[in-house]
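Asks: Below, each chain spelled out in residue letters.
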Amino acid sequence: DAGITQSPRHKVTETGTPVTLRCHQTENHRYMYWYRQDPGHGLRLIHYSYGVKDTDKGEVSDGYSVSRSKTEDFLLTLESATSSQTSVYFCAISELNPFSFSSSYNEQFFGPGTRLTVL
Amino acid sequence: AQKVTQAQTEISVVEKEDVTLDCVYETRDTTYYLFWYKQPPSGELVFLIRRNSFDEQNEISGRYSWNFQKSTSSFNFTITASQVVDSAVYFCALSEAFEGGGNKLTFGTGTQLKVEL
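Chains as they are written, first to last, in my numbering: chain X, 1 to 119; chain Y, 1001 to 1117.
Honestly, the hints are just simulated from the structure, not real lab data. Only true hints are included.
Pairs of lysine-lysine residues, derived as DSS-like cross-links and limited to a Cα-Cα distance of at most 27 Å, are as follows: (1) X:70 with X:57; (2) X:57 with Y:1038; (3) X:11 with X:70; (4) Y:1038 with X:11; (5) X:57 with Y:1003.
Okay, the calculated beta carbon distance ranges per label pair: (6) Y:1078 with X:13: 34 to 44 Å; (7) Y:1009 with X:62: 23 to 33 Å; (8) X:67 with Y:1060: 38 to 48 Å; (9) X:41 with Y:1117: 29 to 39 Å.
What you are looking at is a predicted structure, and each value in this text was computed from that prediction instead of being measured. Ideal placement from N, C-alpha and C gives every residue a C-beta, glycine not left out.
Generate the whole structure from the sequences, applying the supplied hints.
Replies: This is the structure in structure tokens:
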């Protein structure tokens, strides 16, 4: 199993409070991702990182920010949590395959998830 | 824009029955990859298979098989002789490369499979 941990695993917070979720990997993979999972939507990409200090937005990035100061850590921050951000959050990692011509080949390995409830 | 449709929200079968999970996708890319992931009740996501768009050979792995048909933009997943341990949510996903490397997975909404004794 890929070495990916997420913390906390569960969190309950109140509307308007800041929340930071952490993803930690021991695989030295270059690419890291944050997804959210909601009923009826599957998983949707929030932000991703293609290297230390290199990040970009996904399809549902409003209300979220990320930071990556080390290869192994990718932080997701909700500056002011809202009830619509109640969800299960998954971190994922991937690495380039030197034998593939496209990075679309890369499988992503997922962390165990964080269940966030915003009251 | 990429899109993945899993029209079956929930399927219930009796153990030992065969079951097929449907996946239909939309993309403008001529070369792409498709994935299936399994999410058991414990919640983690488990990679099952990757398939590229230029290889239409069916793939079999034990009781699992996948049928990729580019002409109908489908990538269906069949479980033969289902078992209770197969009970899970199954996701189909379409991969899109990012310019800086890495890739975005566009997931379908998932199919909940329940296998009963």
